[in-house]
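Number of protein chains: 2
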Amino acid sequence: MKYRLIEGGGVTAPKGWLAGAVYTAIKKRENRKPDVAVLYSEQPASCAACFTTNKFCAAPVILGREILKKGKARAVVINSGNANAATGEQGIQDAKAVQALAEELLGLGKDEVFVSSTGVIGQRLPVEKVMDGVRQIVPMLSADKGSDAAWAIMTTDLVRKECAYELELSGGTIRIGAMCKGSGMIHPNMATLLSYVTTDAKVEADELQKMLSAACDKSFNMLTVDGDTSTNDSLFLMANGASGVELKTEEDKEAFAKIVEVICVDMARRIAADGEGATHLLEVEAYELPTEHDARLVARSIAGSNLFKCAVFGRDANWGRIMAAAGYSGADVDPTHADCIIRSAAGEVQVMEDGFGTDFSEELAKKVLTEHDITVVVRFHQGEGSAKAFGCDLTYDYVKINGDYRS
Amino acid sequence: MKYRLIEGGGVTAPKGWLAGAVYTAIKKRENRKPDVAVLYSEQPASCAACFTTNKFCAAPVILGREILKKGKARAVVINSGNANAATGEQGIQDAKAVQALAEELLGLGKDEVFVSSTGVIGQRLPVEKVMDGVRQIVPMLSADKGSDAAWAIMTTDLVRKECAYELELSGGTIRIGAMCKGSGMIHPNMATLLSYVTTDAKVEADELQKMLSAACDKSFNMLTVDGDTSTNDSLFLMANGASGVELKTEEDKEAFAKIVEVICVDMARRIAADGEGATHLLEVEAYELPTEHDARLVARSIAGSNLFKCAVFGRDANWGRIMAAAGYSGADVDPTHADCIIRSAAGEVQVMEDGFGTDFSEELAKKVLTEHDITVVVRFHQGEGSAKAFGCDLTYDYVKINGDYRS
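Residue numbers (our numbering), protein chains in the order written: chain A, 49 to 455; chain B, 49 to 455.
Note that these hints are calculated values from the structure, not bench results.
One or more of the hints may lead you astray.
Any copy, or any two copies together, can satisfy a pair, since identical chains are not distinguished.
[Unchecked claim] DSS-like mimics (lysine-lysine), calculated; alpha carbons at most 30 Å apart, straight line:
no.: 1; residue 1: K415; residue 2: K75
no.: 2; residue 1: K415; residue 2: K76
no.: 3; residue 1: K75; residue 2: K414
no.: 4; residue 1: K414; residue 2: K103
no.: 5; residue 1: K448; residue 2: K415
no.: 6; residue 1: K250; residue 2: K117
no.: 7; residue 1: K448; residue 2: K414
no.: 8; residue 1: K120; residue 2: K144
no.: 9; residue 1: K144; residue 2: K415
no.: 10; residue 1: K103; residue 2: K177
no.: 11; residue 1: K266; residue 2: K103
The shape of chain A in the complex, shown without the other chains (with noise of 0.2 Å):
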């Protein structure tokens, strides 16, 4: 498999595809940060989509689920600011207004356009700012303004989050781009917050949805910020076929298959990193559980755990609560032969092994959590079962953040 990074790129680095974004004050904000999105194929593009299981879910996510069942869209509108959730069948006449006039002014038939909300819950969305945007951006759509786009969709994200990629496959290039964003609200299933997958090849849209639900599992479903499934998460992975190439063989599906997954887990990555007030990224790996189930149950139970997210914030290698965590996780765990190691960029401690805890510096095990990135990996001899989650620490600003968001 040949693939590579495509530097700053982003949604629009695969052909044929299209975004601009403005600022309409949905949030009055002094750096005019946008707020509206469009996001757009010259071509019709199949999709595929995966949505919160939150039963109280938005406005944006009844509407999309619908529209799903088609496998077939053109665009989506995009804004933050405000969820559109828990705003009952008004929020869905609002959400339909802002899809039927992105329809008319793009020239697209009925249910050809996404909408996602993000931001406060509860809250009617200013309808008319949205529109206003909608307005404005589509005579500019541009293929050079996907950047801004992944601007326009951040809420309490500090950094935009987009990446591409270039993959080799028989018949040709294709490429695929991502963005996405956080911050908080941020836990399985599914993990998050708004992303975006777009690309270029040509893939028809129960296959596309078989390797997104996939990649999912592996990435964005493994994601844990603050434990609180949010009402708005949707991934979406749009194909235009713009660049003609299609999956032709066994070896160019296996190859998109795994770029979707390396696409979703670094987006993941980025909003863990980037998760409200965090000052590190935490990668569980459990290995050796008896199936690949109970590896899952574990990895994110450990990753979530707040008690362990403050002894990292804290530099403090409290592996105590890694093995409690992993105990309460409901997997068939069993901590007699349990193995624990905490690493990052500057070595690696073993905490623990063959079921106790070993004699570690605690100097090194302190230069270590000094790091940005630390991993976890916890081995239990039990079987062959592994996975890998993806987690922040927990600290004074992730409090200071949620304690005056609607503020």
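Since the structure of chain A is provided, determine the placement of chain B on it from the hints.
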């Protein structure tokens, strides 16, 4: 049912119960807070207990489950500062050594003494210190020292947690007393902690167990401080019959079961109010769900939501987060006609009515949330299931306390 609170009462308020505590420097403490306690009954006692469901349970829990099979015991040795968890076979041996010494010094038979430990996970129990503590305490056991024991078992708790009640039964008056400690690593099931309930009523072990399990379901299993289920959670109920009063009638049994629930809820509320870093006690009442199970899921999910807990800390009536937490609780919950009220001694504010956010006064909401004790009431109009959960807010101090707990 006639009962009254005994002012200043605790585990030694019931007849025939003695206690004692000393400082043995398991952790160095300038104020020489006691860290080993013994609780002792002058006569044999029936016993019941509920233990943690964490797979990596601590040595005292493993030992306790064995003792419980007999349904009889006379004493408990408790230490704070070290959890004797993740300590393997050595931990079991250490726990047994403490047990054996206490049995010898108290003149008891084999397996008549429980042990409990709370504190850091993964470090060997300083068994000589604990045994030294037992040697000092046994000669000075007294009915006046219940409060010393309640102090000794504290870790990051800020206040002692103890209470006692007197209850009139058909055959006379009985007493029931309790002490417990939180305050982090508290989450269902079960919700903490170390908790000891003593009584001088005469009740058989199997009946005690039924009553305790039912009470635990209404109290400690509905309590969440941080989502982390401890390795050491233990709740004991011991009845020595020293009052000579039995449960003769159905009314007696109901009244006694009720007082067990009252004392467990009392303890659970105290733990929530003293949650690590907490500035608010949070009670969540969920009504009119399809089943009680659904109501329990909803109430606990709201009480445990990091995002909502931060909002409470910030005195922000962010009801969207309440509804989001209900939505991801796993319960069969429908937001269409949901009502939500936030209430305190300062008044109440209805933030959601019949599925929609209301135009409530932010000023009043702020005032309501300024009080220490906050109650959130959600009502779904779907059925007759109701439940109540106990929690606290998430604050800077929670992060601070757990960022350097070991040091």
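Quiz item: How would you label the pair K120, K144 (within, between, both, or neither) given a Cα cut-off of 30 Å?
Solution: within (17 Å within a copy, 67 Å between copies)
Quiz item: Using 30 Å as the alpha-carbon threshold, which applies to K75 and K414: within, between, both, or neither?
Solution: For K75 and K414, the Cα distance is within 30 Å only across copies (21 Å; inside one copy 41 Å).
Quiz item: 30 Å Cα cut-off: does K415 pair with K75 within a copy, between copies, both or neither?
Solution: between (41 Å within a copy, 25 Å between copies)
Exercise. Can you give me the call for K103 and K177, within, between, both or neither, at a CA distance of at most 30 Å?
Key: Within one copy only: 28 Å inside a chain, 53 Å across chains, cut-off 30 Å.
Quiz prompt | Identical-chain pair category, K144 with K415, by Cα at 30 Å | solution = Answer is neither; intra-copy 53 Å and inter-copy 38 Å both fail.
Quiz item: Is it within a copy, between copies, both, or neither that the alpha carbon of K448 lies no farther than 30 Å from that of K415?
Solution: Both, since 27 Å and 20 Å are each at most 30 Å.
Quiz item: How would you classify K266 and K103 at a CA-CA limit of 30 Å: within, between, both, or neither?
Solution: both (23 Å within a copy, 25 Å between copies)
Quiz item: Between copies, within a copy, both or neither: which fits K448 and K414 at Cα up to 30 Å?
Solution: The answer is both: 26 Å in one copy and 17 Å across copies each meet 30 Å.
Quiz item: How would you classify K250 and K117 at a CA-CA limit of 30 Å: within, between, both, or neither?
Solution: For K250 and K117, the Cα distance is within 30 Å only inside one copy (19 Å; across copies 66 Å).
Exercise. Evaluate K415 and K76 at a C-alpha cut-off of 30 Å and name the case that applies: within, between, both or neither.
Key: Between. Shortest inter-copy distance 26 Å satisfies the 30 Å Cα cut-off; intra-copy 42 Å does not.
Quiz item: From the Cα coordinates, with 30 Å as the cut-off, is the pair K414 and K103 best called within, between, both, or neither?
Solution: between (42 Å within a copy, 28 Å between copies)
When the structure is compared with the earlier hints, a violation turns up for hint 9 alone.
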